[in-house]
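Novice: What follows is the residue order along each chain.
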Amino acid sequence: MTRDIIVGVLALQGAFYEHIKLLQQAATEVALNDGQRWKFAEIRTVEELERCEALIIPGGESTTVSLVAARSNMLEPLRDFVKVRRKPTWGTCAGLILLAESANRTKKGGQDLIGGLDVKVNRNYFGRQTESFEAPLALPFLRSKVGEDGSDRFNGIFIRAPVVEKLLPVIRGEQTGEGAFDETVIAPAKAAEGEKAKKQVLRPVEVMATLPGRSRTLKEKIVALGMADEVGDIVAVKQGNVFGTSFHPELTEDARIHIWWLEQVRDTLEDQDQDR
Amino acid sequence: MAINDSHTNGAAARSTTNSTTTTTTANSSTSSPTDFKLKAGLAQMLKGGVIMDVVNASQARIAEEAGACAVMALERVPADIRAEGGVSRMSDPAMIKEIMATVTIPVMAKARIGHFVECQILEALGVDYIDESEVLTPADMVHHVEKGPFGVPFVCGCRNLGEALRRIDEGAAMIRTKGEAGTGDVVEAVRHMRTVTSEINRAKNMSDMELRVYAKELNCSFALLKQTAELGRLPVVNFAAGGVATPADAALMMQLGCDGVFVGSGIFKSGDAVKRAKAIVQAVTHFRDAKVLAAVSEGLGEAMVGLNVGRMKEGEKMAGRGW
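So the sequences go chain by chain: Y and F. Using UniProt numbering, read the first sequence as starting at 1 and increasing by one per residue. Using UniProt numbering, read the second sequence as starting at 1 and increasing by one per residue.
Quick caveat, the hints were computed from the structure, so don't treat them as lab data. Quick reminder that beta carbons are idealized off the backbone N, C-alpha and C, glycines included. Don't take every hint at face value.
What the hints assert, rightly or not - Sample of chain F residues facing chain Y (criterion: CB under 10 Å; computed from the structure):
no. : residue
1   : K37
2   : K39
3   : L46
4   : G49
5   : E65
6   : P106
7   : E123
8   : D259
9   : G260
10  : V274
11  : K278
12  : R288
13  : D289
14  : L293
Construct the complete structure from the given sequences, taking the supplied hints into account.
Specialist: Given below as structure tokens:
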């Protein structure tokens with residue numbers, strides 16, 4: 001019997017189709033055990049989410065996705081998916097904002113977050129559309145070092161992009177310390193269930209990509225925000241099996257990150273299966 | 001890159017003026033592929049969303065809270081433009097700036113067809129998208145704005161495939177239907193979407209030789225027509241616009257293949273704007289789920305009064321503006 005490994009892409013709003021296309025391309029490179037096969041699905045309802053082993057939250061408008069999720073009764077099930085059962089999840093741009101435990105510069109009155117990554121995200125850090133940009137990124141974690149264009153860099157596309165402003169202490173409850181700041185929202189706490197999930201949520205946050213030099217060119221802005229500028233802007237982070245990028249791999253034709261991420265998903269599943 | 005923006009914008013504005021005065025052939029090659037990817041990329045982020053017309057900051061906040069993925073700042077909604085007549089122009093920069101300062105979602109603004117100086121002003125304000133729109137009074141009865149050299153992306157209306165590809169050739173990074181704005185009658189938007197789809201379907205089975213003839217017939221670029229035929233869809237995001245008044249209208253346009261929906265007068269000219277705005281947002285996400293559509297369509301109060309496009313004189317229609 002064939003077992004489908006269903007990877008969902010949240011399809012409430014945004015560039016979900018682009019992720020599915022790249023996942024299909026990546027799947028040919030990521031072998032599964034005999035009898036297993038990848039399946040990719042657009043997710044709009046709780047029933048559809050329940051069938052998923054892993055999830056991508058795509059780029060879009062985070063305000064819209066958050067409001068539509070709440071009105072479609074998806075917000076709590078999503079928190080359950082990411083934080084309680086701790087299934088592999090990846091958010092790009094708006095998805096990164098939603099996966100952050102804390103965010104600032106959101107709309108008036110704040111916005112609901114899902115949480116899952118102990119970071120603080122600055123929404124629209126890079127400004128409006130006329131400040132959107134592309135930048136070659138070094139991503140040493142990729143297995144296939146060189147892309148189809150022969151470059152060892154990954155073309156990062158940043159559109160009205162957020163940035164990870166701060167790595168937060170890994171704690172069990174809410175990031176109440178951050179919640180005390182003005183105009184900063186935090187995600188509600190959810191206790192992880194099961195040993196594996198508990199371990200995953202207490203993993204440290206790893207910085208997966210930065211924009212070196214970027215912080216130098218933006219020096220004025222950063223001084224104004226009172227930020228340290230030593231490391232360069234953080235544009236990708238991972239905490240256990242939850243991953244976030246402030247750029248849009250789904251707007252490229254380069255499937256290297258999708259391949260890497262599907263391998264991570266596969267390894268997580270194998271790890272679970274061994275316990276059964 | 002962000003840091004050089006004011007500089008490049010200035011250059012873009014200058015080269016626009018030059019290209020408009022010194023050359024008559026449409027050519028988007030002045031925009032680098034990088035720029036175009038970023039411009040078209042923002043439109044991709046808006047997909048599956050609703051862009052709402054707003055005339056002030058408080059309406060913009062209502063739209064943002066309702067879940068709009070962007071707002072379109074304009075001085076009068078199309079229904080009022082129709083009722084009041086006169087020349088309709090780009091909005092007051094002060095109003096646009098106030099809206100930009102009030103909401104965190106992207107802010108679009110309208111410029112008159114062919115009025116590249118209004119576009120330069122909107123770019124200088126830092127709006128996220130410009131709509132070169134037939135809803136405003138055209139400033140040029142022959143030329144459209146040369147959009148490629150601008151740093152800010154453009155959306156343009158179309159009634160058919162040829163018109164869509166002409167706009168893309170000029171540098172538009174997003175397309176919308178040209179439904180009769182301010183009427184609450186969706187019939188024209190449906191006609192435009194169906195026309196574009198059927199023309200793409202025809203192109204899909206054509207050889208290069210046939211495509212060259214078809215490009216002449218549609219009065220568009222062969223290269224763009226070929227790209228469209230290969231993709232089986234427009235090469236940029238395509239939204240519905242004009243006459244969308246109900247959640248059912250919005251879902252209809254989505255099921256016809258649109259990537260998202262603009263709603264103009266339909267929201268703030270209706271009885272309960274907040275409820276209707278939320279309902280249309282839900283309808284665009286769950287556009288194939290009739291149960292959700294039924295639920296959100298309940299008790300919305302009065303829809304905008306509406307004008308029947310079939311009974312309008314040709315001169316009253318806006319869709320005919322644009323060339």
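Novice: Find the hints from earlier in the document that the structure breaks and name them by number, from lowest to highest.
Specialist: Going through the list in order, the structure violates hints 10, 14 and respects the others.
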